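These protein sequence lines are chains W and Z, in that order.
Residue numbering for the first sequence follows my numbering, starting at 147 and increasing by one per position.
Residue numbering for the second sequence follows my numbering, starting at 5 and increasing by one per position.
Derived by calculation from the structure, the hints in this document are not laboratory data.
One or more of the hints may lead you astray.
[Said to hold, decoys possible] The following residues of chain Z were derived to be distant from chain W, with all beta-carbon distances above 10 angstroms:
no.: 1; residue: 15
no.: 2; residue: 24
no.: 3; residue: 46
no.: 4; residue: 54
no.: 5; residue: 69
no.: 6; residue: 74
no.: 7; residue: 78
no.: 8; residue: 79
no.: 9; residue: 92
no.: 10; residue: 97
no.: 11; residue: 107
no.: 12; residue: 111
[What the hints assert, rightly or not] Partial list, computed: chain W residues near chain Z (C-beta under 10 angstroms):
no.: 13; residue: 214
no.: 14; residue: 219
no.: 15; residue: 229
no.: 16; residue: 231
no.: 17; residue: 240
no.: 18; residue: 248
[What the hints assert, rightly or not] Calculated cross-link-like contacts (lysine-lysine; reagent style DSS-like; alpha-carbon spacing at most 25 angstroms):
no.: 19; chain 1: W; residue 1: 244; chain 2: Z; residue 2: 99
no.: 20; chain 1: W; residue 1: 290; chain 2: W; residue 2: 268
no.: 21; chain 1: Z; residue 1: 77; chain 2: Z; residue 2: 99
no.: 22; chain 1: Z; residue 1: 99; chain 2: Z; residue 2: 73
no.: 23; chain 1: Z; residue 1: 99; chain 2: W; residue 2: 150
no.: 24; chain 1: W; residue 1: 267; chain 2: W; residue 2: 290
Keep in mind it's a predicted model, so treat the numbers as computed, not measured.
Glycine included, every Cβ here is placed at the ideal spot set by N, Cα and C.
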Amino acid sequence: MLAKLRAATFEVLETMFFLFPESLEEGEKLRSRGPFLRSSVTISGPQSLRIGLQVPQNLARTMAANFLGATEVEISQMEMEDILKETTNMLAGSFLSKLEASAAFQLQTPQVQWLSAEEKKKQELVKSLRFEVEEEVLELFVEKG
Amino acid sequence: MAYNVLIVDDSVTMRALIRKILVISGFDIGEYFEGANGREALGILEHNWVDIILSDVHMPEMDGTALLKALKKHQLWRNIPVVLITTEARPEIIKPFMNLGVQDYIQKPFRPETIRQKLTGILGEARTPDASEIESCDF
Chain W
147 MLAKLRAATF EVLETMFFLF PESLEEGEKL RSRGPFLRSS VTISGPQSLR IGLQVPQNLA
207 RTMAANFLGA TEVEISQMEM EDILKETTNM LAGSFLSKLE ASAAFQLQTP QVQWLSAEEK
267 KKQELVKSLR FEVEEEVLEL FVEKG
Chain Z
5 MAYNVLIVDD SVTMRALIRK ILVISGFDIG EYFEGANGRE ALGILEHNWV DIILSDVHMP
65 EMDGTALLKA LKKHQLWRNI PVVLITTEAR PEIIKPFMNL GVQDYIQKPF RPETIRQKLT
125 GILGEARTPD ASEIESCDF
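Take these sequences, add in the hints, and give me the full structure.
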């Protein structure tokens with residue numbers, strides 16, 4: 147399952163953002179400065195799952211700029227949130243296609259929230275994939291929905 | 005010939021992206037219209053002629069399915085081609101939309117060439133840019 151999620155991540159980031167993530171090994175440290183944006187989408191169905199993304203604000207801004215073909219200074223907070231939600235949605239959709247999941251699995255509306263560095267520290271992501279993107283860390287997580 | 009395009013998506017940023025890609029694609033676009041859901045799209049159609057609709061599926065108030073049903077009931081609008089722009093392309097998800105008369109679909113993530121190819125196939129070749137033109141565009 148995580149392999150398919152990894153493949154979906156590469157596909158979405160490369161196609162829509164012209165960003166080329168590199169997988170980080172477990173325990174590999176890379177410092178990212180907050181605040182962070184956390185976006186997630188629930189996949190309802192026989193087994194309910196929640197897939198999400200967590201990125202520092204700097205990376206969210208870069209992603210939005212690449213997505214919209216704008217400069218980073220032009221990007222608003224709302225655009226960063228919107229792009230993160232859209233990205234999570236695309237990731238989950240691509241993931242379901244790769245799984246060849248039945249129509250019983252349905253994507254719900256994505257949600258987004260801001261986290262301070264403190265709040266992020268308190269969180270424990272159960273199953274996560276970490277990537278280095280533009281010298282920042284992008285975390286992808288899967289939870290029971 | 006210039007084509008009038010209606011983009012229906014609840015995400016402002018997605019609408020901006022699609023619009024940008026359409027510009028890059030080199031089609032002779034007449035007017036752009038944008039709606040955040042099916043209801044807004046129908047409101048736009050009441051007062052404007054549209055040649056093609058690019059629509060999202062999941063939208064608040066009136067989703068893609070309800071929009072398609074409304075279009076099919078209308079004498080003037082039933083023949084307007086609709087292309088779905090969707091995160092989900094599983095056959096079981098897409099088939100009901102095809103049965104409702106959707107012309108084609110584009111799965112997100114997509115490349116600009118994909119939109120260009122789909123529109124060319126449906127509307128015909130108005131003006132197709134060189135590959136070098138597309139590659140040199142920064143979007």
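Structure-based check of all given hints:
1. 15: With a cut-off of 10 angstroms, residue 15 of chain Z comes too close to chain W, as the shortest Cβ separation is near 6 angstroms.
2. 24: 6 angstroms, violated
3. 46: Non-interface label on residue 46 of chain Z holds, nearest chain W Cβ at 22 angstroms vs cutoff 10 angstroms.
4. 54: 24 angstroms, holds
5. 69: For residue 69 of chain Z, whose nearest Cβ neighbour in chain W is about 13 angstroms away, the distance exceeds 10 angstroms, so it holds.
6. 74: Fine: 22 angstroms to the nearest Cβ keeps residue 74 of chain Z off the interface.
7. 78: Nearest chain W Cβ is 28 angstroms from residue 78 of chain Z, so the label holds.
8. 79: 32 angstroms, holds
9. 92: 5 angstroms, violated
10. 97: 6 angstroms, violated
11. 107: About 20 angstroms separates residue 107 of chain Z from the closest Cβ of chain W, which puts it past 10 angstroms; holds.
12. 111: With a cut-off of 10 angstroms, residue 111 of chain Z comes too close to chain W, as the shortest Cβ separation is near 7 angstroms.
13. 214: 6 angstroms, holds
14. 219: 16 angstroms, violated
15. 229: At 6 angstroms from the nearest chain Z Cβ, residue 229 of chain W passes the 10 angstroms test, so the hint holds.
16. 231: 7 angstroms, holds
17. 240: Holds. Min distance 7 angstroms.
18. 248: It holds, given that the least Cβ distance between residue 248 of chain W and chain Z is near 6 angstroms, below 10 angstroms.
19. W:244 - Z:99: 18 angstroms, holds
20. W:290 - W:268: Roughly 19 angstroms separates the two Cα atoms, so the pair holds.
21. Z:77 - Z:99: Measuring from Cα to Cα gives roughly 20 angstroms; hence the hint holds.
22. Z:99 - Z:73: 15 angstroms, holds
23. Z:99 - W:150: Distance of about 24 angstroms is within 25 angstroms: holds.
24. W:267 - W:290: 20 angstroms, holds
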